[in-house]
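Undergrad: Start from chain A and add chain B according to the hints.
There are 2 protein chains.
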Amino acid sequence: MISFFKDKHPERLARQLGQVVHQLDDLVHLTLNRTVRLAVTGLNQSGKTVFTTTLIHHLLHALQGSNLPGMNVVAENRLLGTRIMLQPDREIPTFPYERHVRALLANKPVWPVPTDAISAIRLAIRFKPAGLMSRKLAPSSTLYLDIIDYPGEWLLDLPMLKLTFEEWSEQTLRLCEEEPRRTLAAHWRAHMAGVDPSAPAEEAIMRPAAERYTDFLMSCKQSKIGLSFLQPGRFTIPGDLKGAPLLTFCPLARPGAEGVPPGSLRDEMANRYASYQKLVAEGFLKRHFSRFDRQIVLLDLLGALNRGPSAFADMHTSLGAILENFHHGPSSLLSRLFAPRIDRLLFAATKADYVAANQHHNMERLLRRLVARSANDASFQGVQVQSQALASLRCTRTVVREHQGRRLSFVQGTPKGREKETLLFPGEIPENVPEADEWDMHRFHFMEFEPRRPPDAESPTPPHIRLDQALEFLVGDKLT
Amino acid sequence: MISFFKDKHPERLARQLGQVVHQLDDLVHLTLNRTVRLAVTGLNQSGKTVFTTTLIHHLLHALQGSNLPGMNVVAENRLLGTRIMLQPDREIPTFPYERHVRALLANKPVWPVPTDAISAIRLAIRFKPAGLMSRKLAPSSTLYLDIIDYPGEWLLDLPMLKLTFEEWSEQTLRLCEEEPRRTLAAHWRAHMAGVDPSAPAEEAIMRPAAERYTDFLMSCKQSKIGLSFLQPGRFTIPGDLKGAPLLTFCPLARPGAEGVPPGSLRDEMANRYASYQKLVAEGFLKRHFSRFDRQIVLLDLLGALNRGPSAFADMHTSLGAILENFHHGPSSLLSRLFAPRIDRLLFAATKADYVAANQHHNMERLLRRLVARSANDASFQGVQVQSQALASLRCTRTVVREHQGRRLSFVQGTPKGREKETLLFPGEIPENVPEADEWDMHRFHFMEFEPRRPPDAESPTPPHIRLDQALEFLVGDKLT
Chain A
1 MISFFKDKHP ERLARQLGQV VHQLDDLVHL TLNRTVRLAV TGLNQSGKTV
51 FTTTLIHHLL HALQGSNLPG MNVVAENRLL GTRIMLQPDR EIPTFPYERH
101 VRALLANKPV WPVPTDAISA IRLAIRFKPA GLMSRKLAPS STLYLDIIDY
151 PGEWLLDLPM LKLTFEEWSE QTLRLCEEEP RRTLAAHWRA HMAGVDPSAP
201 AEEAIMRPAA ERYTDFLMSC KQSKIGLSFL QPGRFTIPGD LKGAPLLTFC
251 PLARPGAEGV PPGSLRDEMA NRYASYQKLV AEGFLKRHFS RFDRQIVLLD
301 LLGALNRGPS AFADMHTSLG AILENFHHGP SSLLSRLFAP RIDRLLFAAT
351 KADYVAANQH HNMERLLRRL VARSANDASF QGVQVQSQAL ASLRCTRTVV
401 REHQGRRLSF VQGTPKGREK ETLLFPGEIP ENVPEADEWD MHRFHFMEFE
451 PRRPPDAESP TPPHIRLDQA LEFLVGDKLT
Chain B
1 MISFFKDKHP ERLARQLGQV VHQLDDLVHL TLNRTVRLAV TGLNQSGKTV
51 FTTTLIHHLL HALQGSNLPG MNVVAENRLL GTRIMLQPDR EIPTFPYERH
101 VRALLANKPV WPVPTDAISA IRLAIRFKPA GLMSRKLAPS STLYLDIIDY
151 PGEWLLDLPM LKLTFEEWSE QTLRLCEEEP RRTLAAHWRA HMAGVDPSAP
201 AEEAIMRPAA ERYTDFLMSC KQSKIGLSFL QPGRFTIPGD LKGAPLLTFC
251 PLARPGAEGV PPGSLRDEMA NRYASYQKLV AEGFLKRHFS RFDRQIVLLD
301 LLGALNRGPS AFADMHTSLG AILENFHHGP SSLLSRLFAP RIDRLLFAAT
351 KADYVAANQH HNMERLLRRL VARSANDASF QGVQVQSQAL ASLRCTRTVV
401 REHQGRRLSF VQGTPKGREK ETLLFPGEIP ENVPEADEWD MHRFHFMEFE
451 PRRPPDAESP TPPHIRLDQA LEFLVGDKLT
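First to last, the protein sequences are chains A and B.
Read in my numbering, the first sequence has 170 at position 170, and its numbers run on one by one without any break.
Read in my numbering, the second sequence has 242 at position 242, and its numbers run on one by one without any break.
Calculated from the structure, these hints are not laboratory results.
The structure displayed is predicted, hence computed values, not measured ones.
Hints may contain errors.
Identical chains share a label here; the pair holds if one copy fits it or two copies do between them.
Listed next, the in silico SDA-like pairs over lysine to any residue satisfying Cα-Cα at most 25 Å (straight line) [as the list claims (entries may be wrong)]: (1) K136 - E458; (2) K242 - G283; (3) K221 - D240; (4) K162 - D89; (5) K136 - C176; (6) K286 - D89; (7) K278 - M85; (8) K242 - I84; (9) K162 - R174; (10) K128 - K242; (11) K242 - A117; (12) K162 - E91.
One chain only, chain A, in its complex shape (with noise of 0.2 Å):
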């Protein structure tokens, strides 16, 4: 010992001590602490920006008034603060909380803008053990919580890594037999139908097919129309991809008796099909779905029935295609690569509050059902599944009033793109996914509403419904 310090200059000794114990540090964290990597992504326009801004806020800020009841941790006590912590991946994109958090609590609060990419914010949750023993052990413990939010492209692209190119070709086709895809792919098709598979693959031939396919894409996923079952997801938000050969290609009929000739535009096609497969699907798989902990699957369910039954369908062929990632079977792809270590699921319904609060339990019934008819739970090995209905910002609130001898209940709140607030009647939420006969067009029109605080908040922390009991299902576990 002596012969350390002998011949040290002071501070350098000093700054070694202080590694020692930074590195002390570290293997207490890795002993004591926990880390949770939870997902969150959604389809379009869920709202998947303002759920992680008002997750993280609520956390940061749940000793100075919380409005977390819903969570344990915080029911019990138990919360001893939360902070941001520097990001373990350096090359993914930061979540841009503060900037989110502006533009939701200015004074004139307005949505904020989100990205189509990838990004992370790692949050330490201080909190006392509920075991008594555990306390003992340690009087605090420290939840590491990765957020890491992505777009649902990426993840409506892993089932394009169990089909081959002409399966994935005839099962796109397919879908664009039936409205509204079958209007939106007409400029498409109508392109491929002078263009030979078979002669010498060119990237002047290539290039316009895929760019009319990209079209076709873009222009389902507008918000009018809304459908989220597009695939490959990069070509839409190709991002450092855009122009590549593997974001160059497009679906093609299944191939008569001239076959697949090598060199030709099919094969060409085809290989680009692999490395898409490759390179973006399994890319995404092995660098980041395999090492997520936890998954919120956001969904824009009003939106869905305000569109109609083929965009309500699509969101059904969406969340049918996700759920597939988790059948774990012995044959599965997935688990073979690289087995998802994912074991709580929640699929969430948001802007709840657009509708008023009789309706939330229809909302969740609605969606279970739509969950579960894709999908039988017991085949999830491992996985819990569940669904809930949630509003990240609550801009409403619930008013009864008598109409004609009955009571109703009204949303009172500032419609998008209104200055003034507004009491408005939503309407109801069928409890069962409407069959064919009972959509009319004009049976659902939920309104939108910009983010002001309805009068009835009276938290610091700005209302929401049920965030703290998906905070509980995705976390509350490792808060104990």
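TA: Leaving out everything else, chain B in the frame of chain A:
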């Protein structure tokens, strides 16, 4: 053999035979054909996109009224034709040749809009070998020319691999002592005066610091200032990394007695610098730079002269930093990591048509001095370095006129932003780097021109200056 054909469906058989032929063809390519990976990059606004576009255009049209007499394969009538092929790296965006050439050769041509990202394109150049022996072996041969166009900013990241965070900080801060950096960096440096690097690292402190440093880099890059030695390169062109922690640091003054406390802002910024080195700079080196065979670096020498001594000196610094990548002594970090295989390196001063023909000699001399001053050519092991002037698309012609009894060389063309052709006296280029007292505010004011064809242009392909010489140096030896 019979057993092979037995019980085969004729179509499947045909497809299998086709595949065999295709594979044989590939094998022949491997043995008789060659691939060259030509990298094109440039320092700010040097006309990289125009260079790559016209290079492709001339090769594609070399048989229709050749405009490339300086290429031996053309002069000796051995060129058989060039085609665009499918690009082997499917994840790299394809160079949008068609789009750019449409802009350049439109009825009212415009300069194409460049992108700040990597792109690639593959050409197949078919030619008759020069030697009698080779011609007997194969009457024709094919050179696969992969052209990879990437931002100069990426190349200027490589020198960072040799520097620690402290060394890099010191070098950058030293540069900031000189104008125009001194003034441009004032805002960022004033901000840093209030930041304690030994305090615990917090995103809320690091982000504004990095943002102000990025603003400084952006202001150095704007065309009026036109500096190019700006590190780290991805700060100004982040792409998908926008907002990532590895782009969220900045140079810090050397630590005092407080040292580098673990977990401090200084410690974390050094870690982020290390991540940048590894994931960005080394990533480029591994994935791209170490696979290039030939490199051309384009420079806007005239622009640098226009902007004055500091912009000129900065270009000199950049050239020196680029050349350092090619010093592979046994102790070189780069060669220990991944020895680049580049064996020819061309520095080209573009826009030679903005001055009169009698100035081209001085232009080349000046460039050679800049390059030679930075590095002794003899120290490059196995890398041939050359410098030349060129114009990818000649937009002017030289007109000699008597003026006050002297013969002066004018250029005739359509100045940038104007509609009509004008005769201008562009001024002269010094053959030496001007000394400090030789610069004055109004010494150089070379005009830029619109891409209109000059009146003397007769060839069907657009006129250029010494583009063929550049090509001969870069790939001529592979076409023999």
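Undergrad: Is it within, between, both, or neither for K221 and D240, if the alpha carbons may be no more than 25 Å apart?
TA: Classified as both; 20 Å inside a copy, 22 Å across copies.
Undergrad: How would you label the pair K286, D89 (within, between, both, or neither) given a Cα cut-off of 25 Å?
TA: For K286 and D89, both the intra-copy (14 Å) and inter-copy (21 Å) Cα distances are at most 25 Å.
Undergrad: Have a look at K162 and E91 and pick one of within, between, both or neither, based on CA distance no larger than 25 Å.
TA: The answer is between: 21 Å across copies meets 25 Å, while 29 Å in one copy does not.
Undergrad: Have a look at K242 and I84 and pick one of within, between, both or neither, based on CA distance no larger than 25 Å.
TA: between (33 Å within a copy, 20 Å between copies)
Undergrad: Since the copies are identical, ignore which copy is meant and state whether K242 and A117 lie within 25 Å (CA to CA) inside a copy, between copies, both or neither.
TA: both (14 Å within a copy, 10 Å between copies)
Undergrad: Check K162 against D89 for me: Cα-Cα at most 25 Å, and say if that holds within a copy, between copies, both or neither.
TA: Classified as between: cross-chain Cα gap 24 Å, same-chain 29 Å, threshold 25 Å.
Undergrad: Can you tell me if K162 and R174 fall within 25 Å by alpha carbon in one copy, between copies, both or neither?
TA: within (17 Å within a copy, 56 Å between copies)
Undergrad: Using 25 Å as the alpha-carbon threshold, which applies to K128 and K242: within, between, both, or neither?
TA: For K128 and K242, neither the intra-copy (48 Å) nor the inter-copy (37 Å) Cα distance is at most 25 Å.
Undergrad: Could you place K242 and G283 in one of the four classes (within, between, both, neither) given a Cα distance threshold of 25 Å?
TA: both (17 Å within a copy, 19 Å between copies)
Undergrad: Is it within a copy, between copies, both, or neither that the alpha carbon of K136 lies no farther than 25 Å from that of C176?
TA: neither (62 Å within a copy, 56 Å between copies)
Undergrad: How do K136 and E458 come out at 25 Å by Cα distance, when the copy is not named: within, between, both, or neither?
TA: neither (38 Å within a copy, 91 Å between copies)
Undergrad: Taking 25 Å as the upper bound on the Cα-Cα distance, should K278 and M85 be classified as within, between, both, or neither?
TA: Between copies only: 23 Å across, 33 Å inside.
In this structure, the earlier hints numbered 1, 5 and 10 are contradicted, and the remaining ones agree with it.
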